[in-house]
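Could you slot chain B onto chain A? The hints should help.
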Amino acid sequence: MATPGDRALLTVRELGSWLDRDVGPALREETEAVAHGGTALTMLRLKASTKDVDFGFRAGEDFERFVAALKATGYRVTRDFRPNPRETYLRLERRGPLVSAVDLRFPTWNNWRLTELVLRRARVIPYGQVRVVVPDRDALFLFKTYPLRETDLDDLRAILRVSPPDQARVIALFDEQDAIHRSELLAETIHEPLLNILELRVRFAASLRLLGPSYRRRIPRIARRARIRFGELQLRPSLTDLIRRLRTTEGVMTWEDVMAESGDRLRERLTKGETRTRARSGTTSTRSKRRPGRPPRGD
Amino acid sequence: MNEDIALHILSLASSGTLGTRDLVEATGRSPNTVVRYLRELEARGLVRRRPAGKIGAGRPRVLCEVTDAGVGRVRLGESGLFAKLDRGARIAWGPLRSFAFWGVSFIGWSDLFADRPLDAPPFEVVVERNPALYEGAVAADGGRYPSLEALAAWAAGSGNPRFAAAAALLLRHPRLDPARLVERGARFGSVNRLGFLATLAGATAAARALPRKPRWETMSSEPGRPDPAADRAAARWRVRNPIPRILVEEMRALYGDPG
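So the protein lines, in turn, are chains A and B. Every letter in the first sequence is one number past the one before it in the numbering used here, and letter 83, counting from 1, is 209. Every letter in the second sequence is one number past the one before it in the numbering used here, and letter 182, counting from 1, is 533.
Just so you know, not all the hints are guaranteed correct.
Chain A side only, calculated, beta carbon under 10 Å to chain B, not exhaustive [what the hints assert, rightly or not]:
{"hint": "1", "residue": "G164"}
{"hint": "2", "residue": "A227"}
{"hint": "3", "residue": "L286"}
{"hint": "4", "residue": "V288"}
{"hint": "5", "residue": "R373"}
Calculated directly from the structure, the hints in this document are not laboratory data. Ideal Cβ positions, reconstructed from N, Cα and C, are used throughout, including at glycine.
For reference, chain A alone in the conformation it holds in the complex:
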């Protein structure tokens, strides 16, 4: 540990210097990294501080180059696992005064896909060989409605206090992600899209519930959409029960149990909705039908 005065508060400027002078020279060519979580929020000055640096990647080569560059500058991998079948997560650490921990994920981040719509309002900042993509506030807000940790809920509340999101855009972004997973229900995939839909909708609704009424009132349209999307699932367990399960299992949720409790009707219903949507418009609109007069179960 340093003695007083050895270390100064790191600002986004130092983060830029680290990318420019430390990581950049170890990269053979220009590499794109998408800032996520606390890093992106701090870069947009929507959050006061972050402990570690989070980057996601859209291209496998970028991910591999970035990992190699970090290793070349003294970082070592301390965590390497798959949060879900499609996603690789690496944590690299280096003891030192500047950036001590870097979390990298490819190709998704907590299941979120980096689509053109998500990145349309992003700013791209070159730091030497690194092109840092910082998504806009609305995308970051949506991305934070996933982990359900107290620190992430605090981040959501901070965004609502500092600069409330554009509700229409957050809803459009959520619907796009939901539609991507639903379109995969009909495709040949090695993963189970239904699990992703459950994760997405339940966590979205749970985050909005956990924000508390005073914060929820600031984004009524988003809160309503989250409630509707969860209700459409017609799950047997209540949202309260699911929140308890999700938070006590720290993300390692056995959705198969929930699906077993709710039966195969869920897949059938979501698949049918998707087929109908495709037939009707040829697009991937996410609007699914709930039978009129039948209240959503499970909440």
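Showing chain B alone in chain A's frame:
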């Protein structure tokens, strides 16, 4: 040019990747004012404009980047503002700056502890009325930092899991005075939480010095994931909703041991 407004804009620009529109929103000033100040700051060599790239169609943003000279001006201005605020309130550098000073660096922006609400842009003001935080502060960087013991005692009771984990590390610091820690812990009502953190961090000197209080203390607003080791220590120290041990272990892995 009003120097306080200039400092606010400079400080914001130095702690984020912000464009003119962001600065207008963050300062609450009119677009005309912000643009006028940015022009002036650019002419003085304190700010430079930098075009950001864009994904997809549309005009790319222009970001305002603070130069080295601009950063020097921010630090000088912060010290000046500290001296000015010090005349009307009890203040110290805030938690982020103080943790960095004592060896645990977060990435963030300048903050300030104050014993009353202050309108003090560019600082993030953390109101702490307990005089125990300000007594025995260490003078440095044109201001004062809370003592190691006061910062740890405050952070243990802050309700912020990351600050609590950082406090656990401070409890292993070679300059920590256990007697003063006990005194500050008592004044912050966080003795049991400090004892719990000391146990998790393996800070034996601090753990031995801290007397366990009969009253239960709450560490976080929500119960964390079940963790037998942390739960045992929490039960022994009468702490509800303890932070998980992994948080402290991660901090130790990142920042190392004292010495």
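* **Index of numbered hints that the structure contradicts, given in increasing order** => Those not satisfied come down to hint 3.
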